[in-house]
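Now for the letters of each chain:
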Amino acid sequence: DAGVTQSPTHLIKTRGQQVTLRCSPKSGHDTVSWYQQALGQGPQFIFQYYEEEERQRGNFPDRFSGHQFPNYSSELNVNALLLGDSALYLCASSLRDPGQTAGYTFGSGTRLTVV
Amino acid sequence: AQSVAQPEDQVNVAEGNPLTVKCTYSVSGNPYLFWYVQYPNRGLQFLLKYITGDNLVKGSYGFEAEFNKSQTSFHLKKPSALVSDSALYFCAVSRVNYGQNFVFGPGTRLSVLP
Numbered sequence: 001d002a003g004v005t006q007s008p009t010h011l012i013k014t015r016g017q018q019v020t021l022r023c024s025p026k027s028g029h030d031t032v033s034w035y036q037q038a039l040g041q042g043p044q045f046i047f048q049y050y051e052e053e054e055r056q057r058g059n060f061p062d063r064f065s066g067h068q069f070p071n072y073s074s075e076l077n078v079n080a081l082l083l084g085d086s087a088l089y090l091c092a093s094s095l096r097d098p099g100q101t102a103g104y105t106f107g108s109g110t111r112l113t114v115v
Numbered sequence: 001a002q003s004v005a006q007p008e009d010q011v012n013v014a015e016g017n018p019l020t021v022k023c024t025y026s027v028s029g030n031p032y033l034f035w036y037v038q039y040p041n042r043g044l045q046f047l048l049k050y051i052t053g054d055n056l057v058k059g060s061y062g063f064e065a066e067f068n069k070s071q072t073s074f075h076l077k078k079p080s081a082l083v084s085d086s087a088l089y090f091c092a093v094s095r096v097n098y099g100q101n102f103v104f105g106p107g108t109r110l111s112v113l114p
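Just so you know, the protein sequences line up as chains A and B, in that order.
The first sequence lines up with residues 1 to 115 when you count with this note's numbering.
The second sequence lines up with residues 1 to 114 when you count with this note's numbering.
Calculated directly from the structure, the hints in this document are not laboratory data.
What you are looking at is a predicted structure, and each value in this text was computed from that prediction instead of being measured.
Possibly wrong hints are sitting among the right ones.
[As the list claims (entries may be wrong)] Taking CB as the label site, the calculated pair distances span:
1) A38/A - L82/B: 28 to 36 Å
2) E8/B - F69/A: 38 to 46 Å
3) N17/B - E53/A: 43 to 51 Å
4) A5/B - H10/A: 27 to 35 Å
5) P61/A - E15/B: 40 to 48 Å
6) T113/A - G53/B: 39 to 47 Å
7) P61/A - P106/B: 18 to 26 Å
8) H67/A - N30/B: 42 to 50 Å
9) V115/A - K77/B: 36 to 44 Å
10) R96/A - G29/B: 14 to 22 Å
All C-beta atoms, glycine included, are put in the ideal place defined by N, C-alpha and C.
Take the sequences, apply the hints, and build the full model.
Structure follows, in structure tokens:
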């Protein structure tokens, strides 16, 4: 049973460019959340997708956008990259759970470096 | 607003000794509390959770955590540490019925010395 798959594993981009990160959720999961983990910090919630719609959003600018496809996979897009966007981007999948008792299954992340 | 504090950046313990990784939280209403572990170049792995019921929660790999409502704490414990337990540990909290939006603590690096 495949867990959460993220691609690419590493990425180097230039300031001002745009980037797309991809995530395939664990089999049977229908909800995808994205987190940003800066070096030496805990993950910070970016947004969550369910039924192809953004359901919740953390304190991130509009430069961060996403999409969820009918097969539940998801993309995270970041426009106009800043040096401060350098981080490990984690995708987490789960079953839709309004009581959020289930917790997440995390992917290994995409390490984005902006130069 | 929700917040999580992990007061120790680093915890060192000798193999075979008990370990404790501390976590305190702040949330309005009843909390859901989680512990995750992160190994180098890996995502986060679920260890255990407190939703309701018994204050002592048992999880994966022999870890347990005790929920203390009066002290707003959720410390992670293990009776006998292994060198393989060395990793980065994160405590997380979410609010009841607020959707799956977790707030993570800054992490505590655990080093188990042989």
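Going through the hints against the structure:
At roughly 29 Å, the beta carbons of A38/A and L82/B sit within the given window of 28 to 36 Å. At roughly 41 Å, the beta carbons of E8/B and F69/A sit within the given window of 38 to 46 Å. The beta-carbon spacing between N17/B and E53/A, approximately 49 Å, falls within the hinted interval of 43 to 51 Å. Checked against the given bound of 27 to 35 Å, the beta carbons of A5/B and H10/A, roughly 31 Å apart, stay inside it.
Separated by about 45 Å at the C-beta atoms, P61/A and E15/B satisfy the suggested range of 40 to 48 Å. Range check, T113/A to G53/B: Cβ separation about 44 Å, and the 39 to 47 Å hint holds. Between P61/A and P106/B the Cβ separation comes to about 22 Å, which falls inside the hinted range of 18 to 26 Å. Between H67/A and N30/B the C-beta distance comes to about 33 Å, which lies outside the given range of 42 to 50 Å.
A beta carbon spacing of about 42 Å between V115/A and K77/B agrees with the range 36 to 44 Å that was offered as a hint. R96/A and G29/B have their C-beta atoms about 21 Å apart, which keeps the hinted 14 to 22 Å range intact.
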